[in-house]
Amino acid sequence: MERMPKWADVILTPLISLVLAFAISALVILAIGESPVEALKVMVEGALLSSYGWGYTLYYATNFVFTGLAVMVAYHAGLFNIGGEGQAAIGGLGVTLVLLYLPWPHWALALPAAMVGAALFGALWALIPAWLQARRGSHIVITTIMFNFIAAALLNYLLVNVLRPQGSMDPASASFPPATHLPKLSDMALGLGFEWGKNTPANITFFIAIGACLLVWLLIWRTRLGYEIRALGKSEPAAVYAGISPTRIIVIAMLISGALAGLMAINNVMGEAERLIFNAVEGAGFIGIAVALMGRNHPFGVFLAALLFGFLYQGGGELALWTTIPRELIIVIQALVILFTGALDNMVRMPLERFFMAMRKRGGA
Amino acid sequence: MDFATILQIVDSAVRLMTPLLLACLAGLYSERAGIFDIGLEGKMLMAAFTSASVAYATGTVWLGLLAGIGGALALSLVHGLASITFRGNQLISGVAINFLAAGLTVLLGQKIFGLGGRTPSLEGDARFHAITLPFAENLRGVPVIGPIYAEVISGHTVLVYLAFALVPLTWWVLYRTRFGLRLRAVGENPASVDTAGVSVTRMRYAAVAICGVLCGIAGAYLATGISAGFVKDMTAGRGYIALAALIFAKWRPWPALFATFLFGLMEAVSNRFPDLDLGFVTIPSMFMNALPYILTVIILAGFVGRAIPPRAGGEPYVKER
Amino acid sequence: DPALIFDLGGKFDKSFNEAAYVGAERWKAETGGSYKELEMQSEAQREQALRRLAETGANPIVMTGFAFGEVLGQIAGDYPDTKFVIIDMVVEKPNVQSIVFSEPQGSYLAGVMAAMASKSGTVGFIGGMDVPLIHKFECGYSQGVKATKPDAKVLINYTGTTPAAWNDPVKGGELLKAQVAQGADVVYAAAGGTGIGVLQAAADANILSIGVDSNQNHLHPGKVLTSMVKGVDNSVYDAFKAGADVEPGIKVMDLASGGVSVAMDDNNKPLVTPEMQAAVDAASKGIIDGTIKVHDYMTDNTCPVQ
Amino acid sequence: MTARSGAENMAPAIELRGISKAFGPVQANKGIDLLVPRGTIHGIIGENGAGKSTLMSILYGFYRPDSGEILIGGKPIAITDSLTAIRAGIGMVFQHFKLVQNFTVLENIILGAEDGPMLRTSLGRARAELKRLAEEYELQVDPDALIEELSVGHQQRVEILKALYRQADILILDEPTGVLTPAEADHLFRILRGLRDEGKTIILITHKLREIMEITDNVSVMRRGEMVASVKTAETNPTALAELMVGRKVLLRVDKAPARPGAPVLEVRDLRMVDADGVERLRGIDLSIRAGEIVGIAGVAGNGQTQLLEILGGYPEPGAKLAGEITLKGQPLALKGSDARARRRAGIGHVPEDRQVEGLIMDFTAWENVAFGYHDAPEFQNGLMMDNAAIRADAVGKIERFDVRPPNPDLASKNFSGGNQQKIVVAREVERNPDLLLIGQPTRGVDIGAIEFIHKRIVALRDAGKAVLLVSVELDEIMSLSDRIAVMFDGRIMGERLPEQTTAGDLGCLMAGVAPSDQDAEAGA
Ligand SMILES: Nc1ncnc2c1ncn2[C@@H]1O[C@H](COP(=O)(O)OP(=O)(O)OP(=O)(O)O)[C@@H](O)[C@H]1O
Ligand SMILES: Nc1ncnc2c1ncn2[C@@H]1O[C@H](COP(=O)(O)OP(=O)(O)OP(=O)(O)O)[C@@H](O)[C@H]1O
Ligand SMILES: [Mg+2]
Ligand SMILES: [Mg+2]
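Chains as they are written, first to last, in my numbering: chain A, 364 to 728; chain B, 3 to 323; chain C, 18 to 323; chain D, 3 to 527.
Since the hints were made in silico from the structure, they are not lab data.
There's no promise every hint is true.
Stated by the list, open to error - For the chain B half of the interface with chain A, some residues (derived, Cβ under 7 Å), not all of them:
| id | residue |
| --- | --- |
| 1 | ILE94 |
| 2 | PRO122 |
| 3 | SER123 |
| 4 | PHE166 |
| 5 | VAL299 |
The structure presented is a predicted model; accordingly, all values stated were derived computationally and were not measured.
For every residue, glycine included, the Cβ atom is placed at its ideal position computed from N, Cα and C.
Just chain A, same shape as in the assembly (with noise of 0.2 Å):
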């Protein structure tokens, strides 16, 4: 038996966290002396009101849900990969490889090769931590945390004395042919007599990332090795009892993990900046712990904690854009929104549960 209704849980306890991140936000902002009224406007106009709001709010959405993926994955088998951020560099090293060393007729093969060399290169990223894990018992959370470092090192040498063209400034690769470009979201409207959203970076990967929710899902829901995959991640001794090898699920799911945060490579940087520049991440995979941990691990939680994640970023840059705010404010309401709905979420939720359980007794009663 439950002590209140599973809809009450999942969606009236984040709603009323939410709201109280933001009622605290607007104190903050009140005390730098803004407008919060002002300031919900802005955001909410720049990020939901418009075609081209979503535009960028997906956008980032798909970055988040990549990562967030990424680090449920290994959550599930009870690992903290704190490592997407590398894992997402990396990646995008792979998509680089990929479409500029090997001709590409059309977008349409680039993709899913660019997609092996992100996934590949992500998951290999992951797996030295992850073997270490394994066969030597490191700590994942210490190993990733420097894989990080060295992916950033790895990238700053490479793009500045390999993969830059000679005579550009930019710590950054050469643009990725036209023909690999991928279509807009914009674009695909148009295709379908409408406009929307002209001139976003949102493309075709939005799409990409809802899919591998579904696939997650299956993964780990629906498939042996997700039935694997979570019991070691409940209980070690009990895996060992069922004949489950530890290492062979740890290296699997760190793999797994690995390869979705390089996934993320197709949206920024086949689909949006069409070339490998320097910290494309820009910290998503550190956003992914978030998305994750929010989304309660489970892909449809993760895909709407990317969702308010996005909208923050583009609400927040819009705020940033075209307001006198510093947008070091726009780090402050995220910092409250994942204190609120993903760590003082049982402030609302043991008041609730009272009132539920009230509710019940007075009506068996």
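Dock chains B, C and D with the ligands against the given chain A, drawing on the hints supplied.
Just chains B, C and D with the ligands now, kept in the frame of chain A:
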């Protein structure tokens, strides 16, 4: 490499390891009590900001130190509230605190000083200065010991000595006092502490508070000890490195000293030899900069083995579900 | 109205974004006009910001940093009536003015001063992230040093490989100490917020430092030998002043045009000996009239000295 | 009884009035009254989940009651936390010990009862006091040993010493004998009687009616959160108690026909094992089990039974070195590495000793756990996916046949009582009809209703011609269920006995490592 160079590198390592050591010990108290803390970074950052601001405003670095402790303590309280009182997810809370500090410091700094999140540079009594230990100069001539004393041991700010003194102190508190016994117990099996008639909540809050104080000192050291003012994001990942050192040290004080020294040393070495010329190949600066991280992984994999965290770590203490 | 877009470092980076801001503010104070300003949040916003500004009628649109180059090249054609000004990058479009600075020339002068001020014969350079732009500074500086004191040694450090490298004064200070330990007594910092720590540590160690981008001589009067000033503020000021009539094309801001210089003011007066001033003047003259060739690292990714 | 007088001393040691406690929607205790006279041993029995532990935890201040009143020595007292309870002279040994595993005995003893802020003085005093207590009550333990190195029996001693060190007048023991050998249990009861004779009051929770009859003065029975009866032990009998407890008639004996053993199913020859720390755990085990027989392995926990089961189940602990031969139905089994999966396919079922740590994923639903270990079985697959519908349907059937309560396959396993969790595991393993069933501690902590059921199913499996290897520390269980008994001590089989030709005393000797006399050896051969 001559003796003088080695001394200079070790001297630099001592300065660089100090914030790591303080943060590492901070994490040690918290995690030994069963509260995981990836928010060390954020707390240090907040402390760096509050300490620099108050030191600037008052011109007194000691008030700055107090303010730094206060700033970190405030975030500790948030973490305590989330992970102890409301039994929230400690990892999420830590992540949120890191974001919160990164945003708030710049927001407040910009509001107060208008320098884009920087504080003005600190001068005179508004910062900690290096102290020369007695006889440092007189003894310099003594072979071996003299230079070591004068170069490496003498000539740091008071916070460096404090950090080093905290290592034996922490050891003593942990293993020789009632408080330490209960602290360790509450991180291993909170129910045992509860049924022994001691409040788990109070113990954990105490641990989290100590963690805040130490992070506060670490942050104050960054802004008023080793440099002279706050710059946004100036912790530059040191909180994560401290966390790595903590796991490396398997949550014990003396190994924590060793682990943070190793990190400091590796950074000092890569500072000193930006392009290491090995004769047949020159290692580019990017890789020398990444050296501490690469070596950490190698050492971890090769020599440290399985690190078992405090058994009740990361889990809120729940009696009635 | 004109508009100004700052790169990811942010408006208060103590470096060239800040210099651009200063120029815009000066224009505002003098003309009483108003301008729009934007700070980048993420890479994806570059295009968004440019397009939105262009669509709202801002003209000219000034942006700082080479990272805008790619995007500007793609979108400039969509807004033929808008003038764009990009700093630190060349974008060849009919409505774009590209302003590039001869950092190597300015750095060369800084190197001349460093070499003369150094008693030990060892000078230092501390860069932020290891990227080509910073190598331009480093290489010009080294050339100046070597031209003045051929047997002088130049110590070179970069702060890191992540964007944190621009905001790590602690590491900056520590790098400076490491260089001092190796004998450096003049150090040139081209590292944004990290440079603050370098200058501070230099003042503490009682050696001389050289600032970058804006005039940083005042930060530690009497301890900062000079600053290699990029006239970003003037460029922005000029662009704003010209308004919609900004001349498209490439504008090279070098010593001759006063685009780069070494700052001389009351703060560093006691440090600059007459001989030093003479050497700087001679070197400027040589660079301007072409008798001294300062190699630009970017042309071939190599530096002739070291 | 002690001969103290005075009105206060006549007051009962403990009186509970109308104690109620709900955990969310679960009403664990409903208006409970209880009276425990001073200087008596009071038994409490009841099914799994009846609310016994909850009630005692309330008395000890671990939980707070929703309503009700507690009187100690006739005086009402608000027990808000364990500290108040300790001050009121109450000590409790929990069903699941509350010890810090990597602390020494001494550290555990003084935790929360230190003399001052420095440990040194406390440790010194505690060491002396411990020595005194150990001598007075025959509760020897090494004060400097780490808890994780101690056997469960010794851990329990530490818990009792903890209470005595705090000068408890009232001692609560929650299922203390569940993990003890008969000898250890006898020893414990001697101590309890001694304590009672000193005037201390003892509350004892147990599932074993024999123990109730043997040692208690009074007994109370709980069912579904209510106190259904309190009687003098002398005035009742096991059958009546069992009926009160379960609410129906219970068969307390195992009813089974004589075994008709067939061909050997499992042959173990000279099995040796050295664990990762270099300790020799098995020192040459020879064992043979035939179809249609139950071989029981008796022994004090920690004498290699766990290792034997793990090796047969195909998952020896990592780093262990194995030697010897195992054949199943004539086929040799590989000793290398771990392959629990292959063992299952080969026809070995395994009910592990610890259902909560190994046998179940506590966060999985019941239906998911019913496939656990067999999740790769062909009938549970549907192409690339798992056939969750098939698994669920299978689970519903098993839950029904094994009378798992509540019969809700979607409930998380942690929300079932221990007995019902055990039924889930047994259902899963038994219904696969394995040729060989390994079964460890099948009824630990399980109430008598469930014990009866589980025993029946094990016998039915045997009667279907399957081999069963039963490991249990319950001598009663071993004696009544086994067709043949082997006793393990220190990694060896000390001897084999037929249940009808041996006694508890005889087995106890073997379990203690005392070599059998010549006569016995002949009987065993
Ligand atoms: N901490 C808790 N939180 C929520 N519910 C609990 C808790 N402890 C016990 N319960 C519920 O209270 C009821 C009584 O449990 P309790 O542990 O007191 O039973 P018990 O009589 O000791 O059973 P057993 O014989 O298995 O030890 C159970 O049905 C259980 O669901
Ligand atoms: N902390 C708790 N939260 C929720 N339910 C609990 C808790 N503790 C016990 N229960 C529930 O109480 C019931 C009985 O639990 P208990 O721990 O007494 O099991 P048990 O039958 O004694 O098993 P074992 O003897 O093997 O421990 C179960 O339904 C269990 O899920
Ligand atoms: Mg119980
Ligand atoms: Mg029980």
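Practice item. Give me the numbers of the hints this structure contradicts, sorted from smallest to largest. Key: As far as the earlier hints go, 2, 3 and 4 are violated by this structure, in ascending order.
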